[in-house]
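Start from the sequences and build out the full structure, keeping to the hints where you can.
Numbering of the sequence shown is given in our numbering, commencing with residue 223 and proceeding in unit increments.
Rather than coming from a laboratory, the hints here were simulated on the basis of the structure.
Where is the CB? At the ideal position from N, CA and C, for every residue including glycine.
You may find that some hints are simply not true.
[What the hints assert, rightly or not] Calculated cross-link-like contacts (lysine to any residue; reagent style SDA-like; alpha-carbon spacing at most 20 Å): (1) Lys317 / Glu305; (2) Lys311 / Phe253; (3) Lys317 / Asn333; (4) Lys317 / Leu329; (5) Lys232 / Tyr281; (6) Lys312 / Glu257; (7) Lys309 / Glu299; (8) Lys254 / Gly315; (9) Lys314 / Asp330; (10) Lys272 / Glu300; (11) Lys272 / Gly292; (12) Lys304 / Ile225.
[Unchecked claim] Label-pair distances were calculated between CB atoms; the ranges are: (13) Pro240 / Lys312: 40 to 48 Å; (14) Lys244 / Ile307: 39 to 47 Å; (15) Ser246 / Asn326: 16 to 24 Å; (16) Lys304 / Ala241: 44 to 52 Å; (17) Ala241 / Lys272: 32 to 40 Å; (18) Lys314 / Met223: 29 to 37 Å; (19) Pro240 / Ser321: 32 to 40 Å; (20) Lys314 / Val226: 17 to 25 Å; (21) Gly243 / Asn266: 53 to 61 Å; (22) Lys244 / Glu305: 40 to 48 Å; (23) Glu308 / Lys254: 12 to 20 Å.
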Amino acid sequence: MGIVGFEFTKIHGEKSGPARGKISIKNNISFKDVEDINLSLGKNEQKGLKFIFSFITGYEPKIGSLEIEGFVLHLDEEKVVKETIEKWKKDKGIKKELSVYLINNILDKCNIQA
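Next comes the structure, spelled out in structure tokens:
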């Protein structure tokens, strides 16, 4: 279905040195947890997923770093919610199509902050 919520829960930046020479920027996104939730939309309640993530950007050579944590609320069919939770509990994985969709959304939001 789609993303219905997005929130940052932590933003931490640290400068460790002056910017000199060629600067490289490396981003890393990881999912820390996946929870099933009930979302109230009007009078109806629907199943959804809460994806808790960590986004880390490193500025090299040892210029600084930025860490952002937050969550994405995703609304989907009950069957998909159940399958996603089962896969997460089994091997800490998310289906590729859903993972790509979520990562693109997270990058859109976090790259603006970084």
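Comparing the hints with the structure gives:
The suggested pairing of Lys317 with Glu305 holds, with an alpha-carbon distance near 9 Å, which does not exceed 20 Å. For the suggested pair Lys311 and Phe253, the alpha carbons sit about 13 Å apart, so the restraint of at most 20 Å is met. Under the criterion of a C-alpha separation no larger than 20 Å, the hint pairing Lys317 with Asn333 is inconsistent with the structure, at around 23 Å. Between Lys317 and Leu329 the CA atoms are separated by roughly 18 Å; this keeps the pair inside 20 Å, and the hint holds.
For the hint linking Lys232 to Tyr281, the alpha-carbon distance of about 19 Å falls within 20 Å, and the restraint holds. The hinted pair formed by Lys312 and Glu257 meets the criterion: a straight-line CA distance of about 14 Å does not exceed 20 Å. Note on Lys309 and Glu299: the hinted pairing holds, with a Cα-Cα distance of about 16 Å set against a maximum of 20 Å. At roughly 11 Å between alpha-carbon atoms, Lys254 and Gly315 fall within 20 Å of each other, so this suggested pair holds.
Annotation: proposed proximity of Lys314 to Asp330 is violated, straight-line Cα distance about 24 Å (limit 20 Å). For the hint pairing Lys272 with Glu300, the CA-to-CA distance comes to about 14 Å; that is within 20 Å, so the pair holds. Using a Cα cut-off of 20 Å, the hinted pair Lys272 and Gly292 holds, with the two alpha carbons roughly 10 Å apart. Note on Lys304 and Ile225: the hinted pairing holds, with a Cα-Cα distance of about 17 Å set against a maximum of 20 Å.
At roughly 46 Å, the beta-carbon separation of Pro240 and Lys312 lies within the given 40 to 48 Å, and the hint holds. For Lys244 paired with Ile307, a C-beta distance near 44 Å keeps the hint of 39 to 47 Å intact. Range check, Ser246 to Asn326: about 22 Å between beta-carbon atoms, so the 16 to 24 Å window is met. In this structure the supplied range 44 to 52 Å holds for Lys304 paired with Ala241, their Cβ-Cβ distance being about 48 Å.
Look at Ala241 against Lys272: about 37 Å separates their beta carbons, and that is inside 32 to 40 Å. For Lys314 paired with Met223, a C-beta distance near 23 Å fails the hint of 29 to 37 Å. Separation of Pro240 from Ser321 is about 37 Å and conforms to the stated range, judged on CB atoms against 32 to 40 Å. For the hinted restraint 17 to 25 Å between Lys314 and Val226, the CB-CB distance of approximately 24 Å keeps it satisfied.
With their beta carbons about 56 Å apart, Gly243 and Asn266 fall inside the hinted range of 53 to 61 Å. In this structure the hint that Lys244 and Glu305 lie 40 to 48 Å apart at CB holds, the actual value being about 45 Å. Evaluation of the 12 to 20 Å hint for Glu308 and Lys254 yields a pass: the beta carbon distance comes to about 18 Å.
Going down the numbered hints, you'll see the structure goes against 3, 9 and 18, while the others check out.
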